[in-house]
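Note that the protein sequences, when read in sequence, are chains A and B.
At position 301 of the first sequence the residue is numbered 301 (this note's numbering), and the sequence of numbers has no breaks.
At position 199 of the second sequence the residue is numbered 1199 (this note's numbering), and the sequence of numbers has no breaks.
Derived from the structure by calculation, the hints contain no laboratory data.
Don't take each hint at face value.
[What the hints assert, rightly or not] In silico BS3-like cross-links for lysine-lysine, where the CA-CA straight-line distance does not exceed 27 Å:
(1) K1120(B) x K286(A)
(2) K308(A) x K1145(B)
(3) K457(A) x K1010(B)
(4) K1120(B) x K308(A)
(5) K1133(B) x K286(A)
(6) K1080(B) x K308(A)
(7) K1025(B) x K458(A)
(8) K458(A) x K1010(B)
(9) K308(A) x K1010(B)
(10) K1017(B) x K458(A)
(11) K1080(B) x K458(A)
(12) K308(A) x K1135(B)
(13) K286(A) x K1145(B)
(14) K1133(B) x K457(A)
(15) K286(A) x K1017(B)
(16) K457(A) x K1135(B)
(17) K457(A) x K1080(B)
(18) K286(A) x K1080(B)
[What the hints assert, rightly or not] Example chain A residues on the side facing chain B (calculated, C-beta under 8 Å, incomplete):
(19) H288
(20) G289
(21) T290
(22) S292
All C-beta atoms, glycine included, are put in the ideal place defined by N, C-alpha and C.
As a plain string of letters, each chain reads:
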Amino acid sequence: MRKILSILKKDFLILLRDWPGLAILFIMPAVLLVIITFAQENAIPSKKSGFEVIVVNNDSSVLGDNIINDLENSEYFNLVRLNTQVEAKNAILDGIYQFGIIISDSATEKLYDLIKVLPEKKEPAEEVSSDNLAGITFLYDPGLQRVIKEVVTRPLKTVIQLSAVRVLMTQYTEEVNKSFTKHSSDLAASFSDKDFFSKIPDFPYRNEVIKRFREELKGIAKGRPGIELPVNTSFDSDIIKINELVAGSEESEFKPNALQNNIPAFTLFAMFFIVIPLAGSIINEKNHGTYSRLRTLPVTYLEIITSKIAVYLFVCILQFIFLMFVGIYIMPRLGEISAINLDVNYPALFIALIASSLAAIGFGIIVGTFASTHSQAATFGSVMVVILALIGGIFVPANLLPETLQKVSLVSPLRWGADAFIGMFARDEGIGGIWDKICLLIGFFCVSVLFSVRAFKKN
Amino acid sequence: MDSNPVIIAKNLIKRYKGSDEDALKGVNLTVQAGEFFGLLGPNSAGKTTFTSIICGLIRPTSGSVDIFNTDITQSYSSLKNSIGLVPQEIALYDTLTVEENIMFFGNLTENHGQKLRSKKDNLVRLFNLDEHKSKLISRCSGGIKRRVNLICGIIHEPSLLILDEPTLGVDTQLREMIFEYLADLNKKGTTIIYTTHYMKEAELLCTRVNIIDHGEIIADGKPSDLIAANSGCTDLGQVFLKMTGRDLRD
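Produce the complete structure using the sequences and hints provided.
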């Protein structure tokens, strides 16, 4: 028992004096908890957070106003009013918003036109061309994850369809009322015709009955008691036409499927996990005396580190190729998912790959330089990668994070890498569109190596 | 013995950051070419600090060290091919084999290609490592690791060889083998600086020893001269105890 207590005391003292270890044990999980919770809360539109949606109302009439009112009342969406589709497209391409709704200029008019058609046709759905339907256009961020798109579009479509149905039914009711009132007036007028009543045979209280009947008809003709159509009246056909457009493209096809987003995202995630072997190898050299031996030999630290950079750069490229292989050949065989679309700018892709790899290597080098033990580097490194991935939009689009976290995410190298890759895979961007991210990634690598060299020289 | 100094240390002072005491307190020391020089001292006396300075691993706080007439505080890189270090700890890569470790460290010096392979083969044979050369270091015994550790420090045939407790934890057979090899190397002209806690080793091998304690050189001379100069002492161990005392050190 005495021995066990001694060992316990020793381990406790070691832990108490290991501040980085304590930070990993307590602060890191707390940070993770906060970020994951916020990310999950914001991933799906909720009444608390509200998903920001741009609205351009070109209709300026009943349907447009109703759609906006209903979206606002739903509390699931925070509407941002813009004036033109071009403004909306630019705001989405700038990454400020991810969704837009464009209500066409004659939407109410086209909806009302349906009323003229519907009562007179037996099968209106087949008779009305989709071009004559009220048009609503959904505008997407090309880099939006498909799952998020689906999660947002479904409630949007539901709210818009219900708005349209209500507007249509209100108008339909009014039209039917007008029609019925007119027919009732004609009928009442005909009953007022003396010849008509003279032909009615005599019977007890005849005149009293005719009088009551005429008054009743007159009352109906004045609009009383009114006509109420059933609330759950449904149409077999669409009453509005919803177009889906990718911002910055004429295509309605939503290009990024899950693979289009996830392969670059998870390649980045995997790349940054080289922190464990890379930092581990640096720490092993420091702690096992091999680094001291190397310093007595005619070799510089820069040469030692350059060799590591080259090796891990190769590893990162292999990771990318492997995940691409999975995306092209394995995933489509495992389920109903189309292979990743490789129609991208290859020079830009190569540069982004190298820059992202270097940033990941820089991260591994800096962790290896400042961590004292292998386990410290492994724990700190892996937890940091998860945090950087979470705030960097690897699992949940960064735009869905709370505003404060969105600002924090701007310092995540994974965010820079993800933005560069999604820019290429989803928005067909070339080097010109992603150069700022490339500079940030390479800058991060250079700063990491410089810090590392300085720290080694200092030690 | 040539009067051709390989190392000249003048008023060498080293104070570590955060310490309020100098690890070296103005050490003056000269090592001549071809000497088998023993640096003896109890724990924390300053041996490792001194060898670390002459290996270029740490910088002195003040003072100067010339090695092969080059001030190492100004330029060290040009000396690296001429200096070999055999550290006390096993400074090898666990996941490389015996042969791969030797070749790796050898390749970092001026040696390479067939010349290096030939040297490696000779040393592997000399230290009876033929049957172990393909083993990972992590799977080797302590004795094998100690031999490989030594080979990696001498593979480039340095003119100045610094050995820090090279026989720590090895059996008698291997110790004898190492002695024979080092003596032979010294005869061929290699200057050797040898730090050890084993006074018998120093007495047997070294042509001259310095005893260092509390960061100061307190004795300098041939082992036989030091024994003779200290009345009542019959071996270097007794001289060492007489000069450094029997108090336990940190």
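>> Run the distance test for K457(A) versus K1080(B): straight-line Cα separation, threshold 27 Å.
In response: 17 Å, holds
> Is K308(A) within 27 Å of K1135(B), Cα to Cα?
Replying inline: 24 Å, holds
> Quick one, are K1080(B) and K308(A) close enough, alpha carbons at most 27 Å?
Replying inline: 22 Å, holds
>> So if I understand the rule, the pair passes when the alpha-carbon distance is 27 Å or less; does K457(A) with K1010(B) pass?
In response: With a Cα-Cα distance of about 24 Å, the restraint between K457(A) and K1010(B) holds, given a limit of 27 Å.
> Has the given pair, K1133(B) with K286(A), been kept, meaning a C-alpha gap of at most 27 Å?
Replying inline: Holds, at about 25 Å.
>> Hinted pair, alpha-carbon criterion (27 Å max): K308(A), K1145(B). Please report holds or violated.
In response: 25 Å, holds
> Is K286(A) close enough to K1145(B), meaning Cα to Cα at most 27 Å?
Replying inline: Given that 27 Å is the threshold and the Cα spacing comes to 18 Å, the pair holds.
> Can the restraint linking K1133(B) and K457(A) be considered satisfied, given a maximum Cα separation of 27 Å?
Replying inline: Cα-Cα ~35 Å, so violated.
> When you check the alpha-carbon spacing of K1017(B) and K458(A), does it fall within 27 Å?
Replying inline: The hint holds at about 12 Å.
> Does the structure keep K458(A) and K1010(B) at a Cα separation of 27 Å or less?
Replying inline: 24 Å, holds
> Does the alpha-carbon distance linking K308(A) and K1010(B) stay inside the 27 Å limit?
Replying inline: Violated: K308(A) and K1010(B) sit about 39 Å apart, past 27 Å.
>> Hint check: K1120(B) vs K308(A), CA-CA at most 27 Å. Holds or violated?
In response: 25 Å, holds
Comparing the model with each earlier hint shows violations of hints 9, 14 and 16; every other hint is respected.
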